[in-house]
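Construct all of the structure, not just a fragment, from the sequences and the given hints.
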Amino acid sequence: MVKQAVRAAFVLALFIAMVLGGTAEICAADDTHDVARLPMVFADKVTGPRLAALKTAFEKQAEAWEAGCQSPEKLRQAFNTASDAWAQMEMFRAGPLSRQSRQERIFYWPDPRNAISRGLKTLLSGSGEEGLKPEEIAGASVAVQGLPALERLLYGDRGSVDENATLTARQCAVGTAIARNLRTIATNALAEWTAPETGDLEKIKAASAKPDKAKEAATAVLGDIATGIRLVEDRKMPPLYGGKGVVPNPKSAESWRSKRSERDIALNVDALTAALKVVEPFAPEAAAAANEKLADAAAALAGPPDPNRAVTIIAAINNAKYYVIDVLPGELGLTLGFNSMDGD
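So the sequence shown is residues 42 to 385, counted in the numbering used here.
Read the hints as simulated data drawn from the structure, not as lab findings.
Keep in mind that the hints are not guaranteed to be accurate.
20 Å max Cα-Cα, derived SDA-like pairs, lysine to any residue [what the hints assert, rightly or not]:
(1) Lys86 with Ala329
(2) Lys86 with Lys115
(3) Lys162 with Gly180
(4) Lys318 with Lys244
(5) Lys251 with Gly240
(6) Lys246 with Ala236
(7) Lys246 with Gly264
(8) Lys362 with Thr260
(9) Lys362 with Lys254
(10) Lys362 with Glu372
(11) Lys115 with Leu208
(12) Lys244 with Leu231
(13) Lys254 with Leu375
Below, the structure is given as structure tokens:
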């Protein structure tokens, strides 16, 4: 009887140990998907790499202009590479891009009053290097500091330019000054992101150790994704596809002169998809559902012309927005607050 009791006690103890061990493993697995870890994972996999890629692309663009303007085609290639990098980055606005008007300086749009063309005309009226010192460009109107101004130089104000035509000396000087300005903006943004102790990355690391701060940082991540998808739906798509009470007007779309309007949206969708894949381990159902809808949008954007194409894209983005704004916050245990698209 004693032996049986001992054996039974041993079996029970072993069973309890296995259960507790399994529970510990489950808890450890759950800890890896704790929403407090999301900001750091997002910084490492999304924001940081894209910010570094933006700096690299802007550096190469500046170098292309500094090499001379004998080949506008090479300048256009550098411009398109830089524009691709921006389209992959612009969805994620928290951090250094939200400071010193960097977003607007890189890409001033929409431009309902044609401030870019007017500002560029003023710059081009000068001679030599007049008004083109780094501090002068950095202090000029945001409308003439970024990619849309370069687009007009390279593709013409009306989007029709002789591809073999060369730039004037003043156009070359203005373009070089703007490209250098963009390089400086991206360089400074990345420096702020990576700065020891005071940088955005260090602040995110510190916040991850404090539950309240970690939750705030995770909410900022969610806010970036929500703002990005609303930017695509509310501002970028209507000029191309129309919508409720909106007649399409392709020449009010971003980057229409360089024929990049749909490409920019496709790259935005790709960036949002990548961001939601990072979020997926923390909120599997909502993030996967949103990405399923974004995949529909991406397929339609990449597909051939079709009578229902615009409707498909509009519906897919709208459905993805529903999962991001109405479902994802609850699954993450967060509250989505005011963002920069509210009230627009």
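Unmet hints by their number, sorted upward, for this structure: Violated hints: 2, 4, 9; rest satisfied.
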